[in-house]
Each structure stands twice: as structure tokens, then as C-alpha cells.
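S.K.: One letter stands for each residue in the lines below.
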Amino acid sequence: MELVIDKVSMRFKDKKAVSNISLKLTPGVWRLLGANVAGKTTLMRIIAGILKPTSGQVLYDGVPIRTLGEEYRALFGYLPQEFGFPQEFTVKDYLIYVAALKGMTKRQGRKRIHELLEQVSLLEVRNRKIARLSGGMKRRVGIAQALLNDPEVLVLDEPTGGLDPGERVRFRNLLSEFVHDRIVLISTHIVPDVEYIAGCHAMIREGKLLASGTTEELVRLVEGKVWTCTVPAQAVAEYERRLRIVSLRNEHDGSVSVRYLAKKPCNDHSAAAVSRLEDLYLWMFPQSGGADRKKSSRKQAVSGNL
Amino acid sequence: MKILQMELRRMMKTRLTWGLLALALLLSALLAYLPVTYCYSSYTDEEGNEIHLSGLKSIAHEKERQANASGIVTPERVREAVETYQACLAAYGVTESYDLPEGVYEREILPIVPLLHGVKEAFADPDTGMAPALMEIDPERIDDYDSVCEARIAALMALEQPDHPAVQRKAAEMYRQVERPFKVYPGMSSVIMDYQNIMGFLVLLFCVVIAAPVFSADYQSGADDILRCTRHGRRRLGVAKVLAALLVSGVSFVLCAAVYILIADSLFGWECLRTSVQMMYSIVTLADLDVGGLQFLFTAAGLLSVLASVSFTLFLSAGCKSTVASLSSALVFGILPVVVSMAVPGALSTWLCCVLPASGTSIQASILYAITDFQFLNLGGLAVWTPYAMIGTCVVEIPLFSFLAVWSYCGHAGK
Ligand SMILES: Nc1ncnc2c1ncn2[C@@H]1O[C@H](COP(=O)(O)OP(=O)(O)O)[C@@H](O)[C@H]1O
Ligand SMILES: [Mg+2]
Numbered sequence: 010m011e012l013v014i015d016k017v018s019m020r021f022k023d024k025k026a027v028s029n030i031s032l033k034l035t036p037g038v039w040r041l042l043g044a045n046v047a048g049k050t051t052l053m054r055i056i057a058g059i060l061k062p063t064s065g066q067v068l069y070d071g072v073p074i075r076t077l078g079e080e081y082r083a084l085f086g087y088l089p090q091e092f093g094f095p096q097e098f099t100v101k102d103y104l105i106y107v108a109a110l111k112g113m114t115k116r117q118g119r120k121r122i123h124e125l126l127e128q129v130s131l132l133e134v135r136n137r138k139i140a141r142l143s144g145g146m147k148r149r150v151g152i153a154q155a156l157l158n159d160p161e162v163l164v165l166d167e168p169t170g171g172l173d174p175g176e177r178v179r180f181r182n183l184l185s186e187f188v189h190d191r192i193v194l195i196s197t198h199i200v201p202d203v204e205y206i207a208g209c210h211a212m213i214r215e216g217k218l219l220a221s222g223t224t225e226e227l228v229r230l231v232e233g234k235v236w237t238c239t240v241p242a243q244a245v246a247e248y249e250r251r252l253r254i255v256s257l258r259n260e261h262d263g264s265v266s267v268r269y270l271a272k273k274p275c276n277d278h279s280a281a282a283v284s285r286l287e288d289l290y291l292w293m294f295p296q297s298g299g300a301d302r303k304k305s306s307r308k309q310a311v312s313g314n315l
Numbered sequence: 044m045k046i047l048q049m050e051l052r053r054m055m056k057t058r059l060t061w062g063l064l065a066l067a068l069l070l071s072a073l074l075a076y077l078p079v080t081y082c083y084s085s086y087t088d089e090e091g092n093e094i095h096l097s098g099l100k101s102i103a104h105e106k107e108r109q110a111n112a113s114g115i116v117t118p119e120r121v122r123e124a125v126e127t128y129q130a131c132l133a134a135y136g137v138t139e140s141y142d143l144p145e146g147v148y149e150r151e152i153l154p155i156v157p158l159l160h161g162v163k164e165a166f167a168d169p170d171t172g173m174a175p176a177l178m179e180i181d182p183e184r185i186d187d188y189d190s191v192c193e194a195r196i197a198a199l200m201a202l203e204q205p206d207h208p209a210v211q212r213k214a215a216e217m218y219r220q221v222e223r224p225f226k227v228y229p230g231m232s233s234v235i236m237d238y239q240n241i242m243g244f245l246v247l248l249f250c251v252v253i254a255a256p257v258f259s260a261d262y263q264s265g266a267d268d269i270l271r272c273t274r275h276g277r278r279r280l281g282v283a284k285v286l287a288a289l290l291v292s293g294v295s296f297v298l299c300a301a302v303y304i305l306i307a308d309s310l311f312g313w314e315c316l317r318t319s320v321q322m323m324y325s326i327v328t329l330a331d332l333d334v335g336g337l338q339f340l341f342t343a344a345g346l347l348s349v350l351a352s353v354s355f356t357l358f359l360s361a362g363c364k365s366t367v368a369s370l371s372s373a374l375v376f377g378i379l380p381v382v383v384s385m386a387v388p389g390a391l392s393t394w395l396c397c398v399l400p401a402s403g404t405s406i407q408a409s410i411l412y413a414i415t416d417f418q419f420l421n422l423g424g425l426a427v428w429t430p431y432a433m434i435g436t437c438v439v440e441i442p443l444f445s446f447l448a449v450w451s452y453c454g455h456a457g458k
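Listed in order, the protein sequences are those of chains A and B.
This note's numbering puts the first residue of the first sequence at 10, with every later residue one more than the last.
This note's numbering puts the first residue of the second sequence at 44, with every later residue one more than the last.
Chain A on its own, in the form it takes in the complex:
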């Protein structure tokens, strides 16, 4: 089972949203990381078969998904980034409707809907009109519909957007139960988001694929380029201007521990550090300072918004 994105490009009028991306997705959780407008949503809509790429194609087990059509959609689950619901539906009616569209029998549908409603904690509101639910609840309904048919290919476009921290934890747990032997592609612009359940990562910027692979493979790319050193607090500003800083940590004695990226250490008391994914992102997205983060904010340097 593999999903191959083969030299896919997408052009909107004069704007190239996706440029010549090739990527082979194997079973496991894949994280598609990129800043806003990097082209994540566009790429996912192409994988969902909603958009027809300007060039290139997506193949499932060697067959173009356009050729597979219904067969592909039968094993596909999709949560768009922005979506809505038919106004007239309650949570349960909506899921029954989607289950029918997914070709499930009434019994299969009912059983699975009950299970999922429980897992996304929507059992109590199942008879409420979706239009009346909060944003987080709506997204959970979206997650439930994506999982209804136990898809082999699951595409989730920024699934944690709008979820509160508790909901995020539950979502991660739900997902880690689900992912066995499936291709799951999750997009996010938040660096630590779903980091630990993802075994593979693909990073895109301005529509181009920068790097992809397993965590180990990717971490190797910045091996020997990560350093730490301890500096007096008053010198931090100076260091921030000169170096690409991954993170800062206040030490007990008033000094600050600095983790930074460089081909060579910047002073003789720097020590080589074990590289992590976080370092790679900063390496890959240098001009944004590793993220959309503001350079001066220490907190964001750690929680890193891409």
C-alpha cells in the first residue's frame, strides 16, 4: 500500500501553489509541515481528488486515483481545513448521511457512528443541530466523519485547529489507536503539533518540497550543526542578533542556556548537541526564524509556530 505523489504542480491563474512535488507515502503517520500559504491545503485537495493538478498525478498502488475513482474514495477519509455542514442535520443524522454516501450498510453505520461519537466525546450532543455546536465540536464531527469508513488513506488538513489542549490530547490518542497499517497525512503549521505520533515528515515551503523522510533521517540532516552554550543574560540580545537560535532556557544562576544552529560553533565554550526535529525546521525555514514566531518572544521560540 503506497500513495505516490508524482511531480504534482498546481497553478492558480498567475500563482503557483504547488511546484513539482514528488513524494511517496507509505503506511504510517506523515506530517505535512509548512507555514501558511505554503500549499498544504492545495496539495491535500489534489490528493483528495477535488482539484485536478495542472500537471503530474497521484497514484495509489501504481494506479492514478482519477482512474480508480470510486474505488479510491471508498478507502479514503478526508477532513478539510475549512468545511461546513448541511444546515438541516443533527450530528447523528449527518453521520448517517455520510455513512450512506460511504457505502456502509445501516447496521455497520450505526455501530461505527456510536463508537466514534463516544471516542470524540459527542455522544451527549448527537441529537443537536450541528449548526448549534461550538467550533471545536464541529471539528470533532469532521474528524468522526473522516474516520467512519476506517479509511486506508486518511488526510487531515490542520485537524487540531480550533481544538483546545484537552481535545488535542484526546485527538492524538484517538489517532494513535487508529493509525496501524494506514497512510495518514496530517498537515500543520505548528512545529510541535502531532510531532510524536508522526513517524515521517514532509516539509514544504512556497509550494516546494524541502525535505521528507522519517524522523531519524531528517534529524541526520542537521547533525553536527546544533550547539549549546551558556551565556550571561545581558548578552542574549547580542546572541539573538548574530545566531539562529532554536531555544533559550533560563538557568538557576541567572545565565541563559542557548541552543543554536551553525555550521561551526560560534565560541569555544559551545558544545555539540544531539539534533532534534525542531532544529531541522529552523534550518529549513531560516528567514522566518524557524517559524512565524516573532524573534524576540522566548515562549514562541519553544512552541514554534511555523
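Each hint should be verified, as a subset may be incorrect.
Derived Cβ-Cβ restraints for the label pairs, each shown as a range [said to hold, decoys possible]:
hint : chain 1 : residue 1 : chain 2 : residue 2 : range
1    : A       : Gly175    : B       : Arg58     : 29 to 37 Å
2    : B       : Trp450    : A       : Gly222    : 35 to 43 Å
3    : B       : Trp394    : A       : Asp15     : 50 to 58 Å
4    : A       : Asp15     : B       : Val297    : 46 to 54 Å
5    : A       : Glu186    : B       : Trp450    : 37 to 45 Å
6    : A       : Glu186    : B       : Val297    : 51 to 59 Å
7    : A       : Glu186    : B       : Gly62     : 43 to 51 Å
8    : B       : Pro442    : A       : Asp15     : 32 to 40 Å
9    : A       : Arg229    : B       : Met55     : 53 to 61 Å
10   : B       : Pro442    : A       : Gly175    : 50 to 58 Å
With a straight-line Cα cutoff of 27 Å, these simulated DSS-like cross-link-like pairs (lysine-lysine) come out [to be verified]:
hint : chain 1 : residue 1 : chain 2 : residue 2
11   : A       : Lys120    : B       : Lys56
12   : B       : Lys45     : A       : Lys101
13   : B       : Lys364    : A       : Lys25
14   : A       : Lys22     : A       : Lys217
15   : B       : Lys56     : A       : Lys115
16   : A       : Lys101    : B       : Lys56
17   : B       : Lys364    : A       : Lys61
18   : B       : Lys364    : A       : Lys24
19   : A       : Lys138    : A       : Lys101
20   : B       : Lys364    : A       : Lys120
21   : A       : Lys115    : B       : Lys45
22   : A       : Lys115    : A       : Lys101
23   : A       : Lys217    : A       : Lys24
24   : B       : Lys45     : A       : Lys138
25   : A       : Lys147    : B       : Lys106
26   : A       : Lys25     : A       : Lys217
27   : B       : Lys364    : A       : Lys147
28   : A       : Lys101    : A       : Lys147
29   : A       : Lys138    : B       : Lys364
30   : A       : Lys120    : A       : Lys147
31   : B       : Lys100    : A       : Lys138
32   : A       : Lys22     : B       : Lys364
It should be emphasised that the hints constitute simulated quantities derived from the structure, not laboratory data.
Given the structure is predicted, the values throughout are model-derived calculations rather than measurements.
Yeah, the Cβ is synthetic: ideal placement off N, Cα and C, and Gly gets one too.
Dock chain B with the ligands against chain A, hints included.
M.R.: What follows is chain B with the ligands alone, placed relative to chain A:
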């Protein structure tokens, strides 16, 4: 099948659908009753009191007065009626029936009025089309009433379509096929048909309103992205949506038409349905129908027109990103035949009204008026009577626009 069921259920879940359907039924009943309220008659009884009757009482009274006129319209009976008329007016020394003294018209003329229908028209001047007064008609000429009528249609078509001999031939041929002698069963006026037309037009607009958001609402709400990525979310969902909309609107129209016809015909009398259309409309009407047949044909054609309009609306809906856009464009096309029939002159108007899906039961441009009119499309020497053209285009448009709607939905790439 299951998806169609789901779609139907989804449609019936919307309050708008229910509200409009209930309103449509109510309006059908109301419109069927409305013509009764216009019925009005007055007469002087034996004691010299002037009696005024309205509504059902007036209908019953007139039916009773005209009971002897009902039945087969033989030339002898028409001649007899004309002679009675002429003798009555001569006796009172007047030339117009409204110059008759009080009560005489009701007593002497009213009972024979149904038989006099169309006589003046049949004897109209072939060159000018001007109808003579009944007093000017030589009763002996009525003995050959059929030839008079056939000469009349020939003259009329020569006047209306001087450049199209094919049309003239076709019309004459159609009129020869009409069953004769005519029949007349008094009590019903063409107002019944006009109101059925209004009923059809309203139901058509309601159906258009129901169908307009079928695709576009999902685009607008963003629900579409999820639905179209499901296994049956493309062609099968598209087909189910189209079928559900056609089914709901078709059933609604049939129900409303049934309510209308049941009420109207019960109020005015079912026997009236056996009246030849020539005894209600022009004496040279080309259709070989009685009023019941006209009612049925009009209902069937109205149904086709509603279905064609709905499939066209669905096609618009599948191509619009918002419900406002699909609703407004669909309503424009729903009302367009009315505008075209009023604002566009000549043959272009005839053509447009035949092609537009909503013209089957539109105000002014409906198939009812096409049946009782003498319009033809000239298709390179081939003369096509407009009702046939209207029905034909609807029959083509229903599958065509349904297909296009599904096709457009399948190819729709959001935002
Ligand atoms: N339908 C569209 N028409 C025109 N431009 C689009 C369309 N969809 C996306 N884009 C453009 O493509 C670029 C990538 O957008 P998107 O895929 O949404 O990025 P991301 O999901 O990573 O934020 C953006 O510049 C966006 O404006
Ligand atoms: Mg996006």
C-alpha cells in the same frame, strides 16, 4: 436507491420545502375556489322582484336556465338559436341585446347563449377578420356550419401567416381532424383554466425555489468538500440529488393540480368537461379536445414544464457558488417567459417561449394559450404547432439539463 432515499429525507427535512409545499397546496385550493366568487347573476322573479345571486347559487341558477342548450351542437340547433335571437330582438325593435327591456334577456336569450358561442366569429369577414352582429347573419347559411368554420380557419391563417403556406395547410388539416359536431355543457368558463395556469405558475416558482439550493447550498456551506470525497459522493450523489428534486417537485405539482382540478370541477360541474374546446375558446381552435382533455393535457404539459424548469435550476445550482446566485438566476429564468411574451415582438417571442423551460405554465406564455392560439414555428418548410414544440423541448430538456447538472457537479472544484 438508498442514497436517493437519504436525499429525499434530507430535502424533506428543510423547513423551506415543507413551508412552500403547504403554501402551494393551500393556494391551489384557494385559486380553485376563487372563480366561484366572480359568478354573479340577477333576474326578476314572477312577482317582479329583482333577485341577485352570486357564487354557487349563481352557477346553479345559470345551469338551470341553460339546461336546454346543453348537448350536441348540431347546425340545426345553432340555426334555431340564431333565429330565436333575431326574432326576439326584432319583436322588441332593437338591434343589440343590451337594448332589450328589463328581464327579457334573462328570459329569452340567456338560455340559448351557449349555442350562440362562436357564431359571430365563424362568419367573420375573411379579409378584415371583423365579426358581424348576430342580426346580420343569414340563418340559412348555418345549415352548412362545418364549411363555414373551415372557411373561417383558412381565412384566419391566410391573414395571420400570409407568407407560410405550409402553416396554412397544416392548420386547415388539423381543424379538419377535430371531432364534430361540437358539444356544449354550460356552466364553466375559461376562467377556470386561467386560474389553473396561475396555480401552475406559482407551483413552478416554488419548485424552482426548492431546487435552487440543492447543489449550491453545499458549496456555500463548505459541506461539499467532505461529501464529494466519499465513495458515492460524485456521480451517484449528483444523480440522487437530481432525482430527489425532480421527484419532490413532480409530486408537488401533481398534488396541487389534483387539488385544484378536484375542487374546481366539483364546484362548476364535472359534466362541463365534455364541452368541446371550440365552444369555450375560438370556434376554430385547432385542438381536437374537450375541456376535460384540455385540463389533462395542460396538467401533463405543466408537469413537464415544471420538471424541465427544475432540471434547469439544478444545472444552474451546480454551477453557482452561492444559494443567492443560484436562486436569483433560477427565478429570472422562471419568470423570463412572462417578460418575453410581453416585451419581445413577433416570431422571436414565439421561439423563445417554446425553448424556455418555464413557459409551459407561465403567465401569458403558457401551453394553455398556445393550445388555444394559432401559432406555428416555421422550421424550414415544416410547420410545428407551438404546443407540440413546447412539449417537445421540455421532453428534451429534462434529461439534458439533469445530465448537465450532474456533470457540472462532478466537475465542480470548490472555491
Ligand atoms: N482556489 C484558489 N484560487 C487561487 N489561489 C489559490 C486557491 N487555493 C489556494 N490558492 C493559493 O495557493 C497558495 C497556497 O494556499 P494553501 O494551499 O491554502 O496553503 P496552506 O494550506 O499551506 O496555508 C496561497 O497563496 C493561496 O492564495
Ligand atoms: Mg491550509
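S.K.: Assess, step by step, whether the Cα of Lys100 of chain B is no farther than 27 Å from the Cα of Lys138 of chain A, and give holds or violated.
M.R.: Given that 27 Å is the threshold and the Cα spacing comes to 53 Å, the pair is violated.
S.K.: When you check the alpha-carbon spacing of Lys115 of chain A and Lys45 of chain B, does it fall within 27 Å?
M.R.: 10 Å, holds
S.K.: Need the status of pair Lys101 of chain A, Lys56 of chain B: alpha-carbon distance at most 27 Å?
M.R.: Cα-Cα ~14 Å, so holds.
S.K.: Kindly confirm whether 50 to 58 Å is satisfied by the beta carbon distance between Trp394 of chain B and Asp15 of chain A.
M.R.: 52 Å, holds
S.K.: So if I understand the rule, the pair passes when the alpha-carbon distance is 27 Å or less; does Lys364 of chain B with Lys147 of chain A pass?
M.R.: 22 Å, holds
S.K.: Would the pair Lys56 of chain B and Lys115 of chain A pass a check requiring their Cα atoms to be no farther apart than 27 Å?
M.R.: 19 Å, holds
S.K.: For the pair we were handed, Lys217 of chain A and Lys24 of chain A, check the Cα-Cα distance against 27 Å.
M.R.: 13 Å, holds
S.K.: Compare the distance between the alpha carbons of Lys364 of chain B and Lys61 of chain A with 27 Å, and conclude whether the hinted pair is satisfied.
M.R.: Since the Cα atoms of Lys364 of chain B and Lys61 of chain A sit roughly 18 Å apart, the hinted pair holds (cutoff 27 Å).
S.K.: Holds or violated: the 51 to 59 Å window for the beta-carbon distance between Glu186 of chain A and Val297 of chain B?
M.R.: 52 Å, holds
S.K.: Just to be careful, I want the Cα atoms of Lys25 of chain A and Lys217 of chain A compared with a cutoff of 27 Å; is the pair within it?
M.R.: 10 Å, holds
S.K.: Given the hinted pair Lys120 of chain A and Lys56 of chain B, is their alpha-carbon gap at most 27 Å?
M.R.: The given pair, whose Cα atoms are some 24 Å apart, holds under the 27 Å limit.
S.K.: Between the beta carbons of Pro442 of chain B and Gly175 of chain A, is the distance compatible with 50 to 58 Å?
M.R.: 54 Å, holds
Violated hints, listed in ascending order, are 20, 25 and 31; each of the other numbered hints is respected by the structure.
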